Every structure is written in C-alpha cells, then in structure tokens.
Amino acid sequence: MAFDKMELRDIEVWDGNFAAAQALRQCQIDVVAAYPITPSTPIVEGYAKFLADNYIEGEFVMVESEHAAMSGCIGAAAAGGRVATATSSQGFALMVETLYQASGMRLPIVLNVVNRALASPLNVNGDHSDMYLGRDSGWIQIDAYCPQDAYDLNFIAFRVSEDHDIRLPAMVHQDGFMTSHTAQGVTTISDDAAYNFVGDYKPMNDMLDFEHPVTHGVQTEEDWHFEHKARQHNDLMTKVLPKIEEVFKDFEKLSGRRYNIVEEYETKDADVCVVCLGSSVETAREVAGEMREKGIKAGVVGIRVIRPFPFAQIRDALKDIKAIAALDRSSPNGAPGMLFNEIAGSLFNTDTKALLSGYVYGLGGRDLTKAQLVDLFTELQANVDAGKVTTPLQQFIGVRGPKLSYL
Amino acid sequence: MSEMKKIKNLKEFSTSADRFEGANLLCPGCAHSIIVREVLNATNDDLVLSASTGCLEVCTAVYPYTSWDASWIHIGFENGSTAVAGAEAMYKALKRKGRLKQPERNPKFVSFAGDGASYDIGFQWISGCMERGHNMMHIVLDNEVYANTGGQRSSSTPIGASATTSPAGRVSYGEKRNKKDMVSIMASHHIPYSAQVSPNKWKDMVKKIQHGFAVDGPVFINAASPCTTEWKFDPKDTMTIADLATDSLVFPLYEIIDGKELNITYRPKNIVPVEDYLAAQGRFKHLFKDEYKYLIKEWQERIDDNWAYLQRREEARV
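Chain order of the listed sequences is E and H.
Quick note on full-length UniProt numbering: the first sequence kicks off at 1 and runs consecutively.
Quick note on full-length UniProt numbering: the second sequence kicks off at 1 and runs consecutively.
Keep in mind the hints are simulated off the structure, nothing from the lab.
Treat the hints loosely; a few may be bogus.
Result set (EDC-like, lysine to aspartate or glutamate): computed pairs, CA atoms no more than 16 Å apart in a straight line [unchecked claim]:
| hint | chain 1 | residue 1 | chain 2 | residue 2 |
| --- | --- | --- | --- | --- |
| 1 | H | Lys176 | H | Glu298 |
| 2 | H | Lys293 | H | Asp276 |
| 3 | H | Lys97 | E | Asp200 |
| 4 | E | Lys239 | E | Glu342 |
| 5 | H | Lys95 | E | Glu57 |
| 6 | H | Lys92 | E | Glu57 |
| 7 | H | Lys92 | E | Asp209 |
| 8 | H | Lys101 | E | Asp200 |
| 9 | E | Lys297 | E | Asp209 |
Sample of chain E residues facing chain H (criterion: CB under 10 Å; computed from the structure) [said to hold, decoys possible]:
| hint | residue |
| --- | --- |
| 10 | Gly75 |
| 11 | Asn123 |
| 12 | Leu208 |
| 13 | His212 |
| 14 | Gly217 |
| 15 | Phe251 |
| 16 | Glu252 |
| 17 | Leu404 |
If you're wondering where the values come from, they're calculated on a predicted model, not measured in any experiment.
Glycine included, C-beta positions come from ideal geometry on N, C-alpha and C.
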C-alpha cells in the first residue's frame, strides 16, 4: 500500500482540521471534490497533499464552487466509492440544495463541517448557524468537541453512513478555529487498524456496474414522493441511533475511547444542568466541577448526535434535573434556539418538573468564559431555590450594551 | 480508441437504439428523444449518463419507471455536468486501485441538459467541468426556451421570438437580445472538441459524437432541438423545421478542434432564406407584421454575417 511510508506516532499534536484530514487518508477516500473555505480548507488541502506525496491513491477534484463540490461528490458516490469533502458557513449554505439531494438519493458521503457563522455581517469565526441550517437536510450530524473527536468520529461516520441498512450521508461537525485550528494531543490509530475498522467500501446500485445499469435521482410526484420521504425519515429516526451505538462500542474495543450519543457529566445527582455541544462542552464540564466544590450540584449534558436528535437519551439524562439551561451557539431569528426547542420537545409529556431556560452565546466566535458559566449555574440554582424561572426565558450571554432577552 | 458503431442506413439506425426506450413522456414530435437516440446509437460502449432538470429528465425517469437502459443520474437543474464529472473521477480512482467490477470496460460519460440548464443556470458548472479536463461530453438539447417550465426565455432564445417571459405584445416584438454563442464560449476553454449538430443531419451528428467519444478530454456539443410546443409547429414537422434551421444557416453545422481549428461540416446546396425558417414557427408569427418586417431583414443580415465569419475562420484555421 502506498501510504505505509507514513508512520504515525501513538500521540500526535494535531489541530482538528489535520486530525480530520488524517482520518480521511486512513479511510482511503476514493474521491474528494472540494472548494476551499475558511476555516475548513486545511482538511481538503491535507487530502491533496497526501495524494501529492503518494501516501494515498484517489482523485481530488478541485471544483469551482461548494455547490459543485457536493454535486461531484454525489456523482462519485453514485458511481460507487468512498467519498468525502469539507466545508463551512457560506460554502455550506451554497451546498444546501445538494445536501437534500444527497440524502434523498441515499448516498453515503461524509462531509466535515467546520462550523462558522453565516453572513451577514461577514464573519470567519465559529458558531453553529451553519450546523443548524443543515438540520432538516436528512443527513446524520455528529459533533466533535475537540481534535481527538474530529479524528475518531470520521471513522465512525463512514461506518454508519456506508452501512447498507442506513445509506444516509453524515456530517462531522467541529467548531471553527476553537477546534479546527487548536492543536492538541491526538491518540492515533494505525493505518491498518483504522482501515480495517471502516472496512472496504461495498457499493450498492453503483453506476459503474455496467451489467446492472441503475437510474439515480428519479422524479416522483404525489403518487410516490410521500412514501420515499417517510421511509427516509423513518430510517433516520429508527435505524441510525442503534447503529451509531453499535459502532461506538466497536470503536471502544479498537481504541479504548468511549463515545456516547448523549455525553453525561456528573448528571446522576445533579440539580442544575447545562446542555450544549461543540467546544463549549469541555469548558462547561470544568466549570461544573468547580461549582460542585461550591456546593451547587451541577452537571453537563453534551449532545454528540444532533440528527437524528436523541430524544429518549435526553429524556433519560435530564429526568431528575431541577433546572436546565439549553445553550445555543446560533440564534434562529424569530424563535428560541434549536437546542432550547429540542430539549423542550424531549421533556414534554414526561413527569419532569424541570425549569428550562435558553441562552444564546458565542455568536461569530465570541468566547464563552468560565465566569459566564459560573453566573449561569448560579442563576439555575436561583431558579431551583425559587421554584420558577426567575429570569427571562431566553437570554443572550456576553453581548455589549443593554442586556438583551426575550420571552 | 473504442469500438465504433457501424451504421449502414437510416432504417437500421432508427431501430438500433436499445438503451433509450420509446416509452417516455416527451411530447409527440419532440426532437430530444431523436437526438438522444442518435447519440446513444453512435457507440456500443458502456455509458454513464446524466440529465439536468428539464424536459428530458422529467419525461424519462418517473418512478417507478425509467426509459434508460444505461446508468443514469439526475441531481438538479444546474449540476448534471458535475455529477458526471464526479462519476468520471470515481472511475479513474477505482481503475487505478483495481477495484472496477468490469475493468475491461471503457465507459463514456455524457451529460444531457437543455439550454436553460447549460446557457444559464448550469453555465458555471459546465465551465468548471470543461476547464478541469474531465473525460466527458456535455450535450445541450438546445430548444432555445425553458420548455419544461412552460416556455420562458433563456439566453439561447433568439431575438424576436415570443416566449412567456418575453412575450410579443402591442408594443413588443418579444425577445430583445440575440442568442448567446455557447459553442465559442466553450471552445474558448481550449477543449479538444466542440461542435454544433442537428438531428436531421444524423450522419454528421454520429460522426461528431464518435469523434467526441474518441478524444481524451471534455467535449461540448450543441444540438438543435426543435420544440413543437414552444416553437409552435405541427409535431409531424420536426425534421422539416430542423432542415430549415440548417439550410437557412440559422443553425450552422461546424466543429472546433482544440479551441482553434474550425471546420464547417455542412454546406447547404441551396441556402434557404431565413424568412422561410421564421414563417414556419408560431413563435415568430408577429414578425411578419409590417412594423416588424425590418427585424426579418436584420435576421438575414446577421445570419449572412455569421456564415461569412465562420467561413473566414475556417479558411484562416483560427
């Protein structure tokens, strides 16, 4: 194999982008069609360099836009091979049309989304507005909190996406700059072990099998469209989470690293709890630990899988919590944040008496500070003591000027 | 070079299409199906095809049916060319890795799209495919209108044509601008082969398609596709209209090799006045009113100029 010249150490110091690029190399992607955009560019640059150095065999198609990138990925995936690409923000927005087409055609593609704010105003830094733009597109969405996750979750994404029962494309998210450009220690897997984990690509209905020509992307109207979408939706809702759970277990056997669909931290006896995702999870865990030293029983729930949303696991994790804060790193204008809505939806029709409030933070790459999280946990404890939500239901954290809130 | 299909006569040719079924929903008299059959008839090689959103796509792959007995994909209005480019990249990758199921096969990659999907919304994608040098052929089924959505203008709609978004009316003669010269634009990408074809000149078409399949690299084909519905003529007259288009030189047949060498491939023995071409179609009916007759004169001048220009280019080999 061409890339056995490249020896990885057990622990490498990689940023999230390079970790993702290395995962793509080890999965031996057949085709990457890509268009550069900050902060995700180094992922596909990495793939191009691996090709240039003969560490991998494959095709890199440097297209003229993100829309074409996903279009090329769709054609390549339908042809029958392993396909991946990466994007962020405006590029993601330009891709959105094709994202629906990829999932509707049930094509396994892995898209690394390095999360970044959507313009306008133009901003290159990380928030989750692009992530949420894709939430109805029919893709599996998995979230990395750090470079190690960005590396590991790519392998997991291919295993789930390419399963013949699933056949749905998957996104691996990581926070722009905070994860993508911050180098940390990453415990690696050897090339052979990594490739064995994802396995050989097993094509299904591939266009390059000329003995069995296939028609991809048919038209359906009211006579069949509903059945196709309902089946796709049902498969996403019922098959994906058990499969992810199974692959997480296999991955633990391989690496010793355990991932969970919902990542609980000190939730068993917690009174107050923060629910969040992305790089904030690690900060929140640290602050929760400090709050416990001050006598506040704090916990953190990190969401690992955004789509399909793990309603049952969330319900389970939050069932005995007295006050919950849903932290959203995007602000869907005209409504509370996505997590707030999803958490509220998860807890509805349950016995919980939990007080739920929503916080919007960190738009356009603004830091979420430990001091802000201390205030937040304190506020949640005040809600518990008062037996009601004492502050506005939805607040913006860390905005300059007069305090902004609503509801 | 791959196996060329030998075709003796029109009868054999018209019955030998086995990869595009007669069962489809295209209008009676539609030139699209004729062109597709002529293209597919030009080769015995395996095919990977795409269609952009348009008449051809919506009429040939309505679940649970398909008219295609060859691998075929549709994604969207604009990106059929890039879908084929992606498949072609995958073919190269799998071939190199020795993972093709039938490694001895030598497939042709073809994207079909209408003028809307090529001249307008899909322009950027095609340009990208041409520039990157994919081994593929993009074929425009040029009916000079958005026929699938009901007759709106495209940038291929010629001046004076009445389309629903550029209708002729009391103070308007319809489309105000002349047709975009796509062949020149695509040839300017210095691709190995670009050409105009028309279904009535089927031998010329087959020759050009075979040439296109034989070269290594991107090929652009612009095919005249008379549209009975939007050009407003009787379905039985499709080939008559196509004859008028090529013989009036409204749609001259030529090829450009390597973006430079231009060859005229059909010289009508008797050049028909453009008036005959216009008069045969309902979309130009209003031009025959007294106040618009000057436009017919301008049409003729423009056609003459273009013919002179093509001949000069041919002579000069530029």
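Against the structure, the hints come out as follows:
1. Note on H/Lys176 and H/Glu298: the hinted pairing holds, with a Cα-Cα distance of about 13 Å set against a maximum of 16 Å.
2. Between H/Lys293 and H/Asp276 the alpha-carbon distance is near 13 Å, which keeps this suggested pair within the 16 Å criterion.
3. For a cut-off of 16 Å, the pair hint linking H/Lys97 to E/Asp200 stands: about 12 Å separates their Cα positions.
4. The hinted pair formed by E/Lys239 and E/Glu342 fails the criterion: a straight-line CA distance of about 20 Å is larger than 16 Å.
5. In summary, the hint linking H/Lys95 to E/Glu57 is supported, as the alpha carbons are separated by about 11 Å, within the 16 Å threshold.
6. At most 16 Å may separate the alpha-carbon atoms for a hinted pair to count; H/Lys92 and E/Glu57 meet this at roughly 10 Å.
7. Pair hint H/Lys92 plus E/Asp209 holds up; C-alpha atoms about 14 Å apart against a cutoff of 16 Å.
8. With a C-alpha separation of about 14 Å, the suggested pair H/Lys101 and E/Asp200 falls inside the 16 Å cut-off, and the hint holds.
9. Restraint check: the Cα-Cα separation between E/Lys297 and E/Asp209 comes to about 59 Å, which exceeds 16 Å; the hinted pair is violated.
10. For E/Gly75, the suggested interface contact is upheld, since its CB lies about 3 Å from the closest CB of chain H, less than 10 Å.
11. Because the smallest distance between the Cβ of E/Asn123 and any Cβ of chain H comes to about 26 Å, over 10 Å, the interface hint for this residue is violated.
12. Satisfaction of the interface hint for E/Leu208 is found here, the shortest Cβ-Cβ separation to chain H being roughly 6 Å, below the 10 Å cut-off.
13. Hint status for E/His212: holds, given a least beta-carbon distance of 9 Å to chain H, under 10 Å.
14. The restraint placing E/Gly217 at the interface with chain H holds, with a minimum CB-CB distance near 4 Å, inside the 10 Å limit.
15. A cut of 10 Å between beta carbons decides the hint on E/Phe251: the least distance to chain H is about 25 Å, and the hint is violated.
16. Given hint, E/Glu252 at the interface with chain H, is violated; its Cβ is 30 Å from that chain's nearest Cβ, farther than 10 Å.
17. Taking 10 Å as the C-beta cut-off, the interface hint given for E/Leu404 is violated, the closest approach to chain H being about 39 Å.
Figure legend: structure checked against the earlier numbered hints; hints not met, in rising order: 4, 9, 11, 15, 16, 17.
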